[in-house]
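Protein chains: 8
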Amino acid sequence: MNREQLRELMEAVQGGNISPDAACDRLKNLPFEDLGFAKVDHHRSVRTGMPEVIYSKGKTADQVAGIFASLAASGVNVLATRATQAQFEAVLRVEERAVFEETAGCITLQQATSAPRHGRVAIVCAGTSDLPVAEEARVTAELMGNEVDMVVDVGVAGLHRLLSQHARLQQAAAVIVCAGMEGALPSVVGGLVGVPVIAVPTSVGYGAAFGGVAALLGMLNSCSPNVTVVNIDNGFGAAYVATLMNRVL
Amino acid sequence: MNREQLRELMEAVQGGNISPDAACDRLKNLPFEDLGFAKVDHHRSVRTGMPEVIYSKGKTADQVAGIFASLAASGVNVLATRATQAQFEAVLRVEERAVFEETAGCITLQQATSAPRHGRVAIVCAGTSDLPVAEEARVTAELMGNEVDMVVDVGVAGLHRLLSQHARLQQAAAVIVCAGMEGALPSVVGGLVGVPVIAVPTSVGYGAAFGGVAALLGMLNSCSPNVTVVNIDNGFGAAYVATLMNRVL
Amino acid sequence: MNREQLRELMEAVQGGNISPDAACDRLKNLPFEDLGFAKVDHHRSVRTGMPEVIYSKGKTADQVAGIFASLAASGVNVLATRATQAQFEAVLRVEERAVFEETAGCITLQQATSAPRHGRVAIVCAGTSDLPVAEEARVTAELMGNEVDMVVDVGVAGLHRLLSQHARLQQAAAVIVCAGMEGALPSVVGGLVGVPVIAVPTSVGYGAAFGGVAALLGMLNSCSPNVTVVNIDNGFGAAYVATLMNRVL
Amino acid sequence: MNREQLRELMEAVQGGNISPDAACDRLKNLPFEDLGFAKVDHHRSVRTGMPEVIYSKGKTADQVAGIFASLAASGVNVLATRATQAQFEAVLRVEERAVFEETAGCITLQQATSAPRHGRVAIVCAGTSDLPVAEEARVTAELMGNEVDMVVDVGVAGLHRLLSQHARLQQAAAVIVCAGMEGALPSVVGGLVGVPVIAVPTSVGYGAAFGGVAALLGMLNSCSPNVTVVNIDNGFGAAYVATLMNRVL
Amino acid sequence: MNREQLRELMEAVQGGNISPDAACDRLKNLPFEDLGFAKVDHHRSVRTGMPEVIYSKGKTADQVAGIFASLAASGVNVLATRATQAQFEAVLRVEERAVFEETAGCITLQQATSAPRHGRVAIVCAGTSDLPVAEEARVTAELMGNEVDMVVDVGVAGLHRLLSQHARLQQAAAVIVCAGMEGALPSVVGGLVGVPVIAVPTSVGYGAAFGGVAALLGMLNSCSPNVTVVNIDNGFGAAYVATLMNRVL
Amino acid sequence: MNREQLRELMEAVQGGNISPDAACDRLKNLPFEDLGFAKVDHHRSVRTGMPEVIYSKGKTADQVAGIFASLAASGVNVLATRATQAQFEAVLRVEERAVFEETAGCITLQQATSAPRHGRVAIVCAGTSDLPVAEEARVTAELMGNEVDMVVDVGVAGLHRLLSQHARLQQAAAVIVCAGMEGALPSVVGGLVGVPVIAVPTSVGYGAAFGGVAALLGMLNSCSPNVTVVNIDNGFGAAYVATLMNRVL
Amino acid sequence: MNREQLRELMEAVQGGNISPDAACDRLKNLPFEDLGFAKVDHHRSVRTGMPEVIYSKGKTADQVAGIFASLAASGVNVLATRATQAQFEAVLRVEERAVFEETAGCITLQQATSAPRHGRVAIVCAGTSDLPVAEEARVTAELMGNEVDMVVDVGVAGLHRLLSQHARLQQAAAVIVCAGMEGALPSVVGGLVGVPVIAVPTSVGYGAAFGGVAALLGMLNSCSPNVTVVNIDNGFGAAYVATLMNRVL
Amino acid sequence: MNREQLRELMEAVQGGNISPDAACDRLKNLPFEDLGFAKVDHHRSVRTGMPEVIYSKGKTADQVAGIFASLAASGVNVLATRATQAQFEAVLRVEERAVFEETAGCITLQQATSAPRHGRVAIVCAGTSDLPVAEEARVTAELMGNEVDMVVDVGVAGLHRLLSQHARLQQAAAVIVCAGMEGALPSVVGGLVGVPVIAVPTSVGYGAAFGGVAALLGMLNSCSPNVTVVNIDNGFGAAYVATLMNRVL
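Chains as they are written, first to last, in this note's numbering: chain A, 1 to 249; chain B, 250 to 498; chain C, 499 to 747; chain D, 748 to 996; chain E, 997 to 1245; chain F, 1246 to 1494; chain G, 1495 to 1743; chain H, 1744 to 1992.
Don't take every hint at face value.
Mimicking DSBU-like on lysine-lysine, the simulated pairs with C-alpha atoms at most 30 Å apart in a straight line are [stated by the list, open to error]:
#, chain 1, residue 1, chain 2, residue 2
1, C, 557, A, 57
2, E, 1055, H, 1802
3, F, 1302, G, 1551
4, G, 1553, F, 1302
5, H, 1800, D, 806
Below, a sample of chain H positions facing chain A; criterion: calculated Cβ distance under 7 Å [as the list claims (entries may be wrong)]:
#, residue
6, 1828
7, 1829
8, 1893
9, 1894
10, 1896
11, 1898
12, 1902
13, 1927
14, 1931
15, 1960
16, 1961
17, 1966
Covered stretches of chain A (in silico footprint by chain C; criterion: 3 or more residues with CB under 8 Å from a CB of chain C, positions within the stretch not fixed) [claimed, not checked]:
#, region
18, 202-216
19, 229-240
Honestly, the hints are just simulated from the structure, not real lab data. Glycine is no exception: its CB is placed at the ideal position from the N, C-alpha and C atoms.
The following block holds chain A by itself, in its conformation from the complex (with noise of 0.2 Å):
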């Protein structure tokens, strides 16, 4: 029940053409998504140019592609993380626009343009094997309408590679860092720029990495006070955060 479905039932009051008792009964069960709180939902997608996320995993191809197609025709750019090849094809078959991002395991259709915004997201990765969960957040980042600046392989043990970085971190709007292993440089990035970093620790490493959660303790421990943390390996939501934080002008 929207405000106008609400005023037509007080005007039914007023008018002597529904019950104060009958008001109270349908007031009762008054749906909570049509008295402004789903209205919210829709206010945020168009704030934030975000567009409705399908998490692949544990789908099936067909769940997938009708999801994808459903979502298309709405109009909106569409996003499916952790997606296969063979999830891909079957999208295909329905959409014939969309595209497979290897790395990153995402799927994604842009067919909506996006309002300028504020700055850019830079995306840091300590090693190539952090790549995918990095590619995740840059797609992620890109179709919901940010610039981004990809900056690979600068891990702790040579400072250098970081250090000739700093003047692109210092430009970002927002910075998400994904590590695996001791997940040490959320930390130091953290003390190199000014604005919020989103610390992703990923699944990268061996023995007592345990599967990222050195990597995520660490970030968690961070003695950088900008640094906040996801999951570990969830590129998508720092992303989604990111574009929070790089408001549109």
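Please build the complex by placing chains B, C, D, E, F, G and H on the supplied structure of chain A, with the hints as guidance.
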């Protein structure tokens, strides 16, 4: 806003004392608790005879006393769990009828009478060290109107003690089992009765008991399918659920 | 030894056909299941209409088929959980009426009718990935004679979807909530209903979900006191306990 | 700039082709410590109005007082977190304008004024036990120039309390959510707003709360994509990042 | 009901003093301990000379004293483990012959004599910090009638100390090895003797010792196949099992 | 250097064929295994009839076959644990008398006869899924000369099944109990017998069973003092220790 | 060097008081990237004879081959760790002199000769299953110019095997010890030698070995003070550090 | 038995004063420490100048004083770590030259002079809270004859502070790095120097620092291959190993 107030608003619209638009504005920010949502809470309170409960840990003695007095004034039974002697003394100063159940760590005020219930709640505990948790369950269950049957010190290393209580256990509407260390008792009890068993791991034990984690894991993996689990030392929660199972006649 | 056999023994003693000493010897090794102990099991089966259940994982297809046929011959409803297509095919060869619930991973045989029950069991799940666990619960609950109300895809990030189902939830005798990732749904549902909520953490998620541990911990720490918890992915156990709560009329 | 370029610059200075001041400007971005690196830090300080912060835990009262006095003398706002009454008294002896925020455990000195900011920072906390963490966030945010909107005691077990604050939450530039136990609140809040949510797990709870680990895992696995996480009880860090998001006008 | 009572019942049936039905009723609720079940316990006590044991932790001084006096009156040797000085003083007031083994934290009363045993029990401990656990084992083993051979301070970092005790170790009927930190000693001892080694991890250590977990894991993974493990700091349990292995002649 | 060689050296010194200094030099590097050290190993082998054991996991089929043939040639009984069908086929090519115990995953060769032993070893397992571990224990125990009594499918949720086997259990010299899930069975068995119980946690279960960790913790915290524990799934080790307890007559 | 000092230096250059070259030397330690920072890296490479190393896991065969060829062209020794047969075949196509160390999983190219070193590196491993890790260490150490002494299969359960190698161990400049399961070997070796022991936990074992965690914890808690630890299975890292310890003459 | 005693035995055999058989018997139980085994320990002490070390935690003041006096009498430098003021006072009563290093928690006695060593040991710590651990390392290293270079408060969030110390670090023979929280500093330092880095995780931090576990995991997963790790807070062990690396000239 309760139904009476809502009805008054509708009548004001009907009578022309308030315009439809103004009514929309008032309804737009409608406190959700008043539209049925909070009614549920009140209905539940009436239905289960459940007193409001104060979790005393981390509150000052004055805070506990203040909330206690406020609840007491509303006429319901009052329960404060995890309370200390000092908190009890503060409560006594504002409500002289309050009682301190020392082993349970509970302050209670019994002033409302409950409707009769379907059956009894049995509370079983493995050893004497588990008594504080079992007592928290007993005090809670009794204050909520249940007849309680306590079965103490029937650990699985001496099965005959438990088996001799078989008949009593079979008469319960629900069975709460408190056990620390290996937490095996709920599985054994679960095999003896045909009603739900609510397992409460206790922090009793040392070394690899890990403050109740061993017991918690044991209970979650119970081979008796009628066992569900609550948090470590959560005697209150177990009694709350047992009360819901032990329906009012 | 059942009561009839026990009585015959007593009569033999009375009649002098067996000496007291010989009777003592026979009673000393008395099979416990015959003295009332095993009767309980049979009583429970009759009382709850609970079919014997086969946990198929780790059994060969022939083993599952053999046990299935044996149970089917006894006239009860038969349920095999965690079953594969290959196990189903083996079962079909010995019991052609068997049905395979693919999403639930359950093989069932419905041949007994249950007495009518007090109410319905609601099964709520957070996302479509939680469906296999929710389906295991549904198949179990229905085979045990419950009317089931499925509420799917009502995760807490879009509350309006859940709130719109509020009325349906309030009509349940017990609510099962399946959720992975952060496992927040049972707490929210627990605040909306006045009956026990059985929380089933699912292994859905990645990274710090740790195969369901994050959801499990969230549920154990629920701030809603009517929530109890079963093992990760244990839809069967949740339905078993919900059945015990949903009494036969 | 490599040695050749450096040498060319030196020869240009020697030859009078470039003034010493202009050479200094070019070298300004070289030595990270003294010539630009620390400037970055100063730029950031100016830009965010961020006072230097003293982590008082593990420091003697005299050490805290000494650092506090030194910072106070520089004219900036001063913040000491995790401070005790004894540390505050030592600070008072050297800086009589200092204020002790007891619940937050913060000593503050407000002497600089901040430029107006884009919006407000909302701080939401699940229960009264989470207040010390929320207060640390509030004190930090206010000292850094943010207008703060506190929303207290809106745990997910009573959704109506939270939903009634929906309008206030939607007006924030960033939302900090502090919650212990199951840590479900950030996910729910995340679904209600279109700005970043910074989740702060608190060590509130017992048993399987594991000192905040359950809440931490819940938040990392949030199904709301706008949620990022900081360390357990890290109210300061959350406010620091929220400040960076709430840009100066 | 013991065999004598059972025989009397049979004779009453035989003599017509009680009807078969009434006898059935009495047997139906037969206390399991009376049918041979509890006899086992008594047999075991006689066979192993094992005194009843009081776990004092979490009991009041008066409770410990009361149980101690009761056991003392029955004529057996009495052992109270994890006892404090205050508990000992309470015991002394009711049983003046009681002795306090301070390092072991044990209160003992030796009043029964044990039959001679097959061999000796060797108790080995890695460092002086492990002595309290080793002493709990020694006191227990001696009170249960074993001759004990203590081998102290023979950690694996100085193998010669251990190897010089090789002959003594080989004469034991069972070897208890107490070690904290890395817990390597049981594996080394296990390779030196041909009898079972009972490994007791101790909570000695710091940092990644995790209160005995490192030692526990080391012992569970021992490459010596004659090693079994008990709980952290459980000297009592190790001595109990060693006593069972060191048979009475 | 064995005693004969040592004696020859002494005689050479006595006869003046070697100087004391030269003898010192030879003794200085004395291989430890020859001076009694390795003799222990041989003595133990003779004393326990313990065959050398091959842990096959991680070895190639050819490696297993090679070691197997070498041991077989020495005349002892040979045991290879954790073996595959492929490894067995390789063994068969070099030793046609070898037998494959498929459920146990063991290849055996019985060619030596053992001296009669004191008693029997009972092996109890909770469910049919625990059989592979129990079978590894059985094959090991039998090859080492023990008479074995298998008691299968006596989980604690149906106590009567276990209690009906009480008499058999009481006749064992040692009891091995294999259980997964909550691992409660050893505690219950421990209360029924007066001999050592060797608990073997199995990796059977799902979710919070954590691959045997729940069972392991349960067993370490057993309230029955006669329980000791070995590594998860370590049926071999349990049988090895049971053999040491079941002395040769 | 602050701006004032920098300006003075510039003025000295301008005034001819210092030559451009001398100014360059002073500035040499300023820009870490281009003026000395990377030089450090080169110095280290020269000093340690350390070949560039390729971590092959997660790289395609073509990627490994490409990097390998590029490094080979520069004239240094090349090492690719964690490599597969397929990766080796790709490397062979671009560099026919490459060698595959199968057990170690390493591809090597030896083309540079190292300066003679101070001593030998001993590599000790507990069992044959630890060989792949020990071999990764050996291949690395040899390629970096060390003479290596391998001591295999000297687990602590048969100490005589280790003690017989005592003299060899004492001649090493550094000792690498690889062990899984309980990881006790480094402590024992640490007590036998006067040089640093680098402990490498391996993922060998099952059950409570937790993929090397038990060994890792054991090594971190070593009672031998000359033990340091690297990540699970990190034979490469251990050899790298041992090389640094084994100085060039 | 030392070589002199061994030689006397050989001469007795040669002289016919003892039979070869009797000599065999005496040699059979030969104390291993006398045959070269314990000599190693003495050689090591001489070689490294390493004083015997007292771990004071868990010892009484009198015990520490007794051992301290005994060691002092032998003329070596004496070190007692983890010592309290009370223990120091007890030591002072028996050895008035003893010194208490309060921050380090170390009691020392410097009475022997060490031979000059190859280089310096650098000790780096991230923050002032890490100082107690760094000081334990410094006191240990200095007492063992090393020249020490302390570099304090150079956490990775302000890289310029660390980079400005680059030259000092490069002059060290070994670098000890103490860091809590995320433990990133050793990786960064490892990339700056060409010598071994010994990483000491400290228990500094809160929440997800888990008492040093986050730092420990970070260091074990370091991407700098010259990093090895010791136990949490183990400054002593780090200094011990650094001393072994910093060879005597």
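Evaluated hints:
1. Annotation: proposed proximity of residue 557(C) to residue 57(A) holds, straight-line Cα distance about 28 Å (limit 30 Å).
2. For the hint linking residue 1055(E) to residue 1802(H), the alpha-carbon distance of about 28 Å falls within 30 Å, and the restraint holds.
3. Simply put, residue 1302(F) and residue 1551(G) have alpha-carbon atoms about 24 Å apart, close enough for the 30 Å limit, and the pair holds.
4. In summary, the hint linking residue 1553(G) to residue 1302(F) is supported, as the alpha carbons are separated by about 28 Å, within the 30 Å threshold.
5. Simply put, residue 1800(H) and residue 806(D) have alpha-carbon atoms about 23 Å apart, close enough for the 30 Å limit, and the pair holds.
6. The beta carbon of residue 1828(H) comes no nearer than 31 Å to any beta carbon in chain A, farther than 7 Å, and the hint placing it at the interface is violated.
7. This hint is violated: residue 1829(H) has a C-beta 34 Å from the nearest C-beta of chain A, more than the 7 Å allowed.
8. Hint on residue 1893(H) is violated. Least Cβ distance to chain A is approximately 20 Å, over the 7 Å limit.
9. Interface hint status for residue 1894(H): violated, as the beta-carbon distance to the closest one in chain A is roughly 16 Å, over 7 Å.
10. Interface hint at residue 1896(H): violated, since its Cβ lies 11 Å from the closest Cβ of chain A, which is beyond the 7 Å cut-off.
11. For residue 1898(H), the shortest C-beta to C-beta distance to chain A is roughly 5 Å, which falls under 7 Å, so the interface hint holds.
12. This hint holds: residue 1902(H) has a C-beta 6 Å from the nearest C-beta of chain A, less than the 7 Å allowed.
13. The criterion of a C-beta within 7 Å of any C-beta in chain A is met by residue 1927(H), whose closest approach is roughly 3 Å, and the hint holds.
14. Because the beta carbon of residue 1931(H) sits about 5 Å from the nearest beta carbon in chain A, less than 7 Å, this interface hint is met.
15. Look at residue 1960(H): its Cβ gets to within about 4 Å of chain A, closer than 7 Å, so that hint holds up.
16. Taking 7 Å as the C-beta cut-off, the interface hint given for residue 1961(H) holds, the closest approach to chain A being about 4 Å.
17. Hint status for residue 1966(H): holds, given a least beta-carbon distance of 5 Å to chain A, under 7 Å.
18. Counting residues of the region 202-216 of chain A whose beta carbon lies closer than 8 Å to any beta carbon of chain C gives 5, which meets the minimum of three for the stated coverage.
19. Remark: the region 229-240 of chain A is confirmed as covered by chain C, as 4 of its residues place a Cβ nearer than 8 Å to a Cβ of that chain, reaching the required three.
Going down the numbered hints, you'll see the structure goes against 6, 7, 8, 9 and 10, while the others check out.
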